[in-house]
Amino acid sequence: MTLRGRTIYGKGVIAGKAVVMRTPISFLGDVDGRRGTVKAGYEEKSIGGRVLILPFSRGSTVGPYIMYQLVKYGNAPLAILSVKADTLVLIGAVMAGIPLVTDLPDSVLGVSDGEEVVVDLDGGEVRLGGQDR
Amino acid sequence: MHLTREEEEVLSRGDARSRALETVVKVGESLGASRLLDVETAHVSGVSYQTIGDAGVEFLSDLAASGARFKVFATVNPMGMELDGGETPVDDLFKSRQLEVVKSLIKMGASAWFTCAPYDIIRTPPGTVHAWGESNAISYINSVRDAMSEKLPGPFTILAAITGKVPEFGLYLHENRMPRVMVKVNGRITQAAAGIIGKMVGEFSGSRVPYVVVGPMTERAMKAMLASFATYSPNPFMVIEGVNPNWRLYRSEMDVEESLVIDEKDLRLPETRDFDAVFIGCPHADLDEVLHVAKLLEDRGYPRLAKPLFISTSRFVKSQLSPAILSRLDELNVHVITDTCPIVSPFLRNRGLLNIATPSSKSVYYMPRLVSLNAMPCEIDECIGDLL
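Sequence lines, in order, name chains A and B.
Mapping of the first sequence onto the UniProt record's numbering: position 33 corresponds to residue 33, and the numbering continues sequentially without gaps.
Mapping of the second sequence onto the UniProt record's numbering: position 263 corresponds to residue 263, and the numbering continues sequentially without gaps.
Hints are computed from structural coordinates only; laboratory data are not their basis.
Warning: the hint list may mix true and false statements.
With a straight-line cut-off of 25 Å between C-alpha atoms, the simulated DSS-like cross-links for lysine-lysine are [what the hints assert, rightly or not]:
1) B:Lys107 / A:Lys72
2) B:Lys107 / A:Lys84
3) A:Lys72 / B:Lys199
4) B:Lys71 / B:Lys26
All values reported here derive from a predicted model rather than from experimental measurement.
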């Protein structure tokens with residue numbers, strides 16, 4: 001299955017395992033910029049080296065700084081895929097250099113944790129299951 | 001996006017300014033901007049350690065170390081404590097991290113004024129373009145002076161200061177400044193009432209620009225109304241009839257789709273309950289507001305207040321007050337503090353003050369959310385009356 005969105009930042013094709021947040025996150029408070037983890041209910045998920053999928057993020061002006069920390073400490077996600085992106089996530093992704101695809105359909109939230117996802121940044125496309133099916 | 005030769009040249013250099021401009025361009029592209037605008041000034045927000053934490057400290061210090069320098073005149077929002085002064089106690093870790101932020105900002109070339117009311121001091125004429133990140137200040141220069149600034153996130157104001165550029169989007173475009181809703185306010189406007197008006201206008205308008213017809217009000221009421229409006233609305237611009245220098249132009253071009261009438265009965269405050277301290281100065285008090293308090297106390301024969309009154313202001317205002325007035329205020333339990341304010345500093349809590357009365361609607365909104373204080377609205381004349 002191929003989902004179409006809009007690439008805000010990034011080039012080329014990226015493949016990796018998904019980490020899916022089904023509710024919106026706030027980069028300030030929910031994400032640990034040094035350890036590269038995100039709070040999901042009572043547990044924590046690592047987002048370093050994964051493709052982070054979320055509906056949208058709640059705005060805090062500190063968000064871009066947290067995204068910068070993720071990159072600085074080597075725990076940034078390979079890419080962020082979202083249904084909507086507010087200006088802060090957009091600015092944060094560009095400032096930190098984290099690939100971002102937004103305007104994806106809600107069905108992107110149906111991906112399971114650990115599922116292989118291919119992100120074609122040039123085409124703004126997300127392929128699930130590693131190939132078209 | 002169309003880039004000028006000068007912009008192309010900066011992009012080709014590969015230095016810190018070049019990287020900042022690259023980011024501004026990419027953000028502009030994703031916002032659909034067709035070009036960049038030169039800004040006259042920047043106002044950097046998000047400089048309190050309380051707000052930005054270690055992530056922000058690291059970002060600013062790495063940026064300053066990488067050689068990034070501000071290209072345009074840039075002022076700075078209040079931070080987490082007074083730069084020197086004993087009225088705003090914070091712990092040692094907080095202090096050292098905060099000083100690191102100050103050092104980075106100064107190294108990059110900021111005018112470290114630490115005020116949220118830079119418009120009290122700098123000129124922002126109609127039509128001029130600015131990159132500001134403090135919502136009350138943006139709302140003020142857009143609405144009162146018809147200068148242009150979008151509401152920019154703190155980190156982006158840093159990039160704008162380094163590059164001197166913003167993407168042309170939102171309120172930087174004349175067509176997006178046209179009023180879409182009309183609000184008529186009846187009755188006398190006090191400072192706290194002005195905050196309620198700002199909230200009602202903000203909630204009614206949403207992202208649409210309101211055209212507001214309202215009677216005369218003091219400057220401190222105007223600041224309170226615009227600060228509250230910018231707290232409750234994503235849009236930091238209203239056209240105020242008779243105030244905005246171009247209000248006639250806006251009135252002739254606007255296309256109103258919805259209207260609201262606010263009456264005096266909508267502006268009543270709830271009863272003020274027990275409080276530990278009174279706070280004024282959100283936005284930072286101007287000279288007139290400080291002297292208003294001094295006059296209230298003079299009229300009552302200079303009584304010492306039963307509970308402390310804190311006034312947040314800028315160094316510019318404090319420097320205009322004579323040592324005699326300042327020491328008199330101090331004796332009366334009135335504390336004039338600069339560089340900071342209680343919504344970006346833990347100092348009230350650190351002084352054991354948890355229940356705060358204030359005429360500022362913006363503070364009533366943010367105090368519980370940012371510093372876990374219990375805040376209640378009051379008219380300044382009345383809450384001072386309660387302290388005699």
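Hint check:
1. B:Lys107 / A:Lys72: Distance ~22 Å between Lys107 of chain B and Lys72 of chain A Cα, so the pair holds.
2. B:Lys107 / A:Lys84: 37 Å, violated
3. A:Lys72 / B:Lys199: 40 Å, violated
4. B:Lys71 / B:Lys26: 19 Å, holds
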